[in-house]
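Trainee: Residue strings, one per chain:
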Amino acid sequence: VTGPETHIAAAPAGSAAADDASDDALMLRYRCGDANAFDALYGRYRMPIYRFFRRQLPGPDADECHQEVWLKLINGHRQYQPRGEFRAYLFTIAHHTLTDRHRRQMKHAAAEADADIDGIADPHSDPAATADGEADAERLQRLIAALPVAQREALVMKEMAGLSIAEIARITQTSEEGVKSRLRYAMQKLRQAWPPAGTTG
Amino acid sequence: MNERPTRSDEELQRLLAHDSSEPPTALDDRIRAAAREAVTGVGTSARRRRRWQIPAGIGIAATVLLAVLVVERAPEPTLPAGGQASPPVTTSPSSIPTPQVTTQYRAQPMREADAAREASAAEALQDTACENAATTLDAGGLRVCVSAGHLEISSLSGGECHDSLRLIRDPGQVSIAAAANHIAILIDGRVRWQIRCADGAWQIDAEATSHQ
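Protein chains in written order, with our numbering: chain A, 1 to 201; chain B, 1 to 212.
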């Protein structure tokens, strides 16, 4: 066999070989019919992809999008070309899935997707949350959800998924400067909307 | 202007990175099952649950052999005598290259040279022979066996190259159109599956298999 995949030997999931293998090697093994290789790959990226959506969409939508990304990967695994960019490839699928989801949502609620953070920026406008000691995670989730889509996505990719500026630029088809700008604005809005504890009263 | 103290980037980044959410177990299971199904098939025996692959060399050799056979067979009649059911009509789908040759499910006269070649592979064919197949077709180095429940594809070389496609409904008239690196399986004159040679391996068109 002359195909590249033929040089990849199957290995059981969870084995040292699967743990150490590169993403590309696992994808090629999966292309070769080794379902365990997919399990290893899924184990690596299930949480980053899920949290990417979870930070930006309501629970059921996040579940659906998460599944959609992986099914797209599964259905297109034979077309995957190993270039050492699997993570960017996977997040590109996630980006497109999220974009499609936003488009559908925009048809139903145009203003909601790009809502500005100003409406909830002032903690004084939400005294109940402060008084109840709203958990940081929940508050952060609300603030992130209120960011403009592009800023929010860049922020989630950078700070939660650990992607580089260059990767984000490639995935979102934006310049690196553009990504930096989005991140700067996003962080600025979060800082303004969420002062340290004890400084809100 | 009302200036308030703000959190540092480091603090925000730490809070942002903290996330304990995980996909539900049922969702994980569904995705893993789909991944497994995509490469192993459904309802197939363990022997057939292998990725469809044929070495490119074998594929090319088989195609060349087929081309030789076709040239030798060309002057001979391909239609059966009257009174029998009409043979399946193979059309050239617009979405794929025009096949060089068409093989149909009809016993055709074989020359001695053909018979000798076929006989030499008889032993290998024993292993790839389809049980209870209603229709058996050979083309492009491949053997395609069609039954009511599924369609099996094997390599005539006798290697471990076989796959099985599940059929939801009666397959109807089956025919094969073969080209240099491309085999199309037609049901009732319409392309249902395409098998291509890409990246050195034969691949069944995944898109086609999902629309049976």
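Please note that the accuracy of each hint is not assured.
[As the list claims (entries may be wrong)] Label-pair ranges, simulated between beta-carbon atoms:
no.	chain 1	residue 1	chain 2	residue 2	range
1	B	Ser21	A	Ser181	27 to 33 Å
2	B	Arg190	A	Gln173	34 to 40 Å
3	A	Gln79	B	Thr25	28 to 34 Å
4	A	Pro195	B	Ala34	43 to 49 Å
5	B	Arg14	A	Arg184	17 to 23 Å
6	A	Glu64	B	His18	22 to 28 Å
7	B	Ala26	A	Pro195	36 to 42 Å
No lab work stands behind these hints, which were simulated from the structure alone. Each residue gets a CB set at the ideal place from its N, CA and C atoms; glycine is no exception.
Trainee: Each hint: holds or not?
Mentor: Consistency of the hints with the structure:
no.: 1; hint: B/Ser21 with A/Ser181: 27 to 33 Å; result: holds (28 Å)
no.: 2; hint: B/Arg190 with A/Gln173: 34 to 40 Å; result: holds (38 Å)
no.: 3; hint: A/Gln79 with B/Thr25: 28 to 34 Å; result: holds (30 Å)
no.: 4; hint: A/Pro195 with B/Ala34: 43 to 49 Å; result: holds (45 Å)
no.: 5; hint: B/Arg14 with A/Arg184: 17 to 23 Å; result: holds (18 Å)
no.: 6; hint: A/Glu64 with B/His18: 22 to 28 Å; result: holds (25 Å)
no.: 7; hint: B/Ala26 with A/Pro195: 36 to 42 Å; result: holds (40 Å)
Violated hints for the displayed structure: none, as all numbered hints are satisfied.
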